[in-house]
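Participant: Sequence:
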Amino acid sequence: MKIMSVFGTRPEAIKMCPLIKELQSHTEITSVVCITGQHREMLKEVLETFTIKPDYDLNIMKKEQDLFDITLNILDKIKAILIKEKPDLVLVHGDTSTTFSTALACFYLNIPIGHIEAGLRTYNMTSPFPEEFNRQAVGLVANYHFAPTEQAKKTLLAEGKDPKSIFVTGNTAIDALKTTINPNYTHPILEWAGSSRIIMITAHRRENIGQPMEHMFHAIKRIVEEHPDIKCIYPIHMNPKVKTLATTILGENDRIKLIPPMNVIDFHNLLNKSYLILTDSGGIQEEAPSLGKPVLVMRDTTERPEGIEAGTLKLTGTTEEEIYKQFKLLLTDKVAYNQMSHATNPYGDGFASKKIIEALLQNKKD
Numbered sequence: 110m111k112i113m114s115v116f117g118t119r120p121e122a123i124k125m126c127p128l129i130k131e132l133q134s135h136t137e138i139t140s141v142v143c144i145t146g147q148h149r150e151m152l153k154e155v156l157e158t159f160t161i162k163p164d165y166d167l168n169i170m171k172k173e174q175d176l177f178d179i180t181l182n183i184l185d186k187i188k189a190i191l192i193k194e195k196p197d198l199v200l201v202h203g204d205t206s207t208t209f210s211t212a213l214a215c216f217y218l219n220i221p222i223g224h225i226e227a228g229l230r231t232y233n234m235t236s237p238f239p240e241e242f243n244r245q246a247v248g249l250v251a252n253y254h255f256a257p258t259e260q261a262k263k264t265l266l267a268e269g270k271d272p273k274s275i276f277v278t279g280n281t282a283i284d285a286l287k288t289t290i291n292p293n294y295t296h297p298i299l300e301w302a303g304s305s306r307i308i309m310i311t312a313h314r315r316e317n318i319g320q321p322m323e324h325m326f327h328a329i330k331r332i333v334e335e336h337p338d339i340k341c342i343y344p345i346h347m348n349p350k351v352k353t354l355a356t357t358i359l360g361e362n363d364r365i366k367l368i369p370p371m372n373v374i375d376f377h378n379l380l381n382k383s384y385l386i387l388t389d390s391g392g393i394q395e396e397a398p399s400l401g402k403p404v405l406v407m408r409d410t411t412e413r414p415e416g417i418e419a420g421t422l423k424l425t426g427t428t429e430e431e432i433y434k435q436f437k438l439l440l441t442d443k444v445a446y447n448q449m450s451h452a453t454n455p456y457g458d459g460f461a462s463k464k465i466i467e468a469l470l471q472n473k474k475d
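For the sequence shown, this note's numbering assigns the number 110 to the initial residue and increments by one for each residue that follows.
Calculated directly from the structure, the hints in this document are not laboratory data. Be aware that one or more of the hints could be misleading.
When the alpha-carbon atoms are kept at most 16 Å apart in a straight line, the in silico EDC-like pairs for lysine to aspartate or glutamate are as follows [stated by the list, open to error]: (1) Lys-434 - Glu-335; (2) Lys-437 - Glu-335; (3) Lys-366 - Glu-334; (4) Lys-270 - Glu-259; (5) Lys-464 - Asp-164; (6) Lys-111 - Glu-137; (7) Lys-437 - Asp-375; (8) Lys-111 - Asp-175; (9) Lys-350 - Glu-323; (10) Lys-352 - Glu-323; (11) Lys-350 - Asp-175; (12) Lys-287 - Glu-300; (13) Lys-366 - Asp-338; (14) Lys-153 - Asp-375; (15) Lys-171 - Glu-150; (16) Lys-130 - Glu-157; (17) Lys-111 - Asp-164; (18) Lys-352 - Glu-173; (19) Lys-402 - Glu-429; (20) Lys-186 - Asp-164; (21) Lys-195 - Asp-164; (22) Lys-350 - Glu-173; (23) Lys-330 - Asp-442; (24) Lys-193 - Asp-166; (25) Lys-287 - Asp-458; (26) Lys-153 - Asp-164; (27) Lys-287 - Glu-173; (28) Lys-330 - Glu-429; (29) Lys-423 - Asp-442.
Predicted model, so just to flag it, every value in this text is computed and none were measured.
Build the full structure now, drawing on both the sequences and the hints.
Facilitator: This is how it looks when you write it as structure tokens:
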């Protein structure tokens, strides 16, 4: 059985690499890895961490690329590879433009598609953008839906997906933590933080760039000025618009570290050392609960309602006052903090990759 895995961004790589390692451990499976290079340097370090060497690199990344560039270049370059390799199945992950473009190419060539992290929805095409469209579109053509939770399965069933095509596996993000987390981890930035409570920040979503992100940063700045016992670490996304906003509003505060994107080992271990996390990211909403860290989600919607229901996540929206209020609450109310940090993680047990492959092999036998 030949299985091709295709991904192109750093978050995809973090979640796909444990699955690829598991694929490579099965002699009855020929594993082919194709990266699109939607992210470049940020992707490279994840591959090195998991010691994975791609068979194909579409190398599409270019300066100031937009969604048209990404989609057109992937469709143009991946066709020949799919025709040459003739995979029995192509695995894609989540909701990126790489995922959508690859699934579309496979659909045109009548190649079966397995969708990892299937069934996440906000049903708002502008939040997140373009991810909500991407994952719904992939769901239309996927042959296998690997849902991380029972809630995601229910969503897929409500959309009319064949029950036999849906498998609840947990999230491969949790699998990745088994490789990256080191209880004896040290880093110079931890020395800078000293005895302060560490706050990890990530903010990069397209729909938040502009006034929503300004609100986020102003709320964070106010809290840091009021609470001398905290220090913030913000690995800034490579988008120059994000960097400019962050530097303008947060750059002069000596208790806020604005740093380049971190490799996955440093990032996961600093998450593990932090007190709480403020983010508009998707993956962190799954990783942080596994580490017992409360997450304030600076968005108006989330495709991960399980975390909200479990109490590990809280939606703040993107207004300055609401972010400020929720941030302050977790810093000053120990009961509220403990309720979130001790909530049950709804995203699996770290064996999602094994479950995905078991489902595929069983389906082949059937």
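Participant: Each hint should be assessed against the structure and marked as holding or not.
Facilitator: Cross-check of the supplied hints:
Of the pairs offered as hints, the one joining Lys-434 and Glu-335 holds, with about 13 Å between alpha carbons and a cut-off of 16 Å not exceeded. Taken as a hint, the Lys-437 and Glu-335 pair is honoured in the structure, with Cα atoms around 9 Å apart against an allowance of 16 Å. About 14 Å separates the Cα atoms of Lys-366 and Glu-334, which keeps this hinted pair within 16 Å; it holds. Pair hint Lys-270 plus Glu-259 holds up; C-alpha atoms about 14 Å apart against a cutoff of 16 Å.
For a cut-off of 16 Å, the pair hint linking Lys-464 to Asp-164 is broken: about 24 Å separates their Cα positions. Simply put, Lys-111 and Glu-137 have alpha-carbon atoms about 9 Å apart, close enough for the 16 Å limit, and the pair holds. Between Lys-437 and Asp-375, the direct Cα distance comes to roughly 27 Å. Violation of the 16 Å bound is thereby established for this hinted pair. A distance of roughly 32 Å separates the Cα atoms of Lys-111 and Asp-175; the hinted pair therefore is violated under the 16 Å criterion.
This hinted pair checks out: Lys-350 and Glu-323 have alpha carbons roughly 11 Å apart, not beyond 16 Å. The straight-line distance between the Cα atoms of Lys-352 and Glu-323 is roughly 12 Å, inside the 16 Å bound, and the hint therefore holds. For the hint pairing Lys-350 with Asp-175, the CA-to-CA distance comes to about 14 Å; that is within 16 Å, so the pair holds. Of the pairs offered as hints, the one joining Lys-287 and Glu-300 is violated, with about 25 Å between alpha carbons and a cut-off of 16 Å exceeded.
A distance of roughly 15 Å separates the Cα atoms of Lys-366 and Asp-338; the hinted pair therefore holds under the 16 Å criterion. For the suggested pair Lys-153 and Asp-375, the alpha carbons sit about 15 Å apart, so the restraint of at most 16 Å is met. Distance restraint check for Lys-171 and Glu-150: the Cα-Cα separation of roughly 12 Å lies within the 16 Å cut-off, and the hinted pair is therefore satisfied. Distance restraint check for Lys-130 and Glu-157: the Cα-Cα separation of roughly 13 Å lies within the 16 Å cut-off, and the hinted pair is therefore satisfied.
For the given pair, Lys-111 sits about 13 Å from Asp-164 by alpha-carbon distance, which is consistent with the 16 Å threshold. Of the supplied pair hints, the one linking Lys-352 and Glu-173 holds, its CA atoms being roughly 14 Å apart against a limit of 16 Å. For a cut-off of 16 Å, the pair hint linking Lys-402 to Glu-429 is broken: about 22 Å separates their Cα positions. Pair hint Lys-186 plus Asp-164 holds up; C-alpha atoms about 14 Å apart against a cutoff of 16 Å.
Of the supplied pair hints, the one linking Lys-195 and Asp-164 holds, its CA atoms being roughly 14 Å apart against a limit of 16 Å. Our distance criterion of 16 Å between C-alpha atoms is met by Lys-350 and Glu-173, whose separation comes to about 11 Å. Simply put, Lys-330 and Asp-442 have alpha-carbon atoms about 20 Å apart, too far for the 16 Å limit, and the pair is violated. For the given pair, Lys-193 sits about 15 Å from Asp-166 by alpha-carbon distance, which is consistent with the 16 Å threshold.
Distance check on the hinted pair: Lys-287 and Asp-458 sit about 10 Å apart at the alpha-carbon level, within 16 Å; holds. Taking the CA atoms of Lys-153 and Asp-164, the gap is about 14 Å. The hint holds against a cut of 16 Å. Restraint check for Lys-287 and Glu-173: the C-alpha separation of about 35 Å exceeds 16 Å, so the hint is violated. Simply put, Lys-330 and Glu-429 have alpha-carbon atoms about 10 Å apart, close enough for the 16 Å limit, and the pair holds.
For the suggested pair Lys-423 and Asp-442, the alpha carbons sit about 15 Å apart, so the restraint of at most 16 Å is met.
Checked against the numbered hints above, the structure breaks hints 5, 7, 8, 12, 19, 23, 27 and satisfies the rest.
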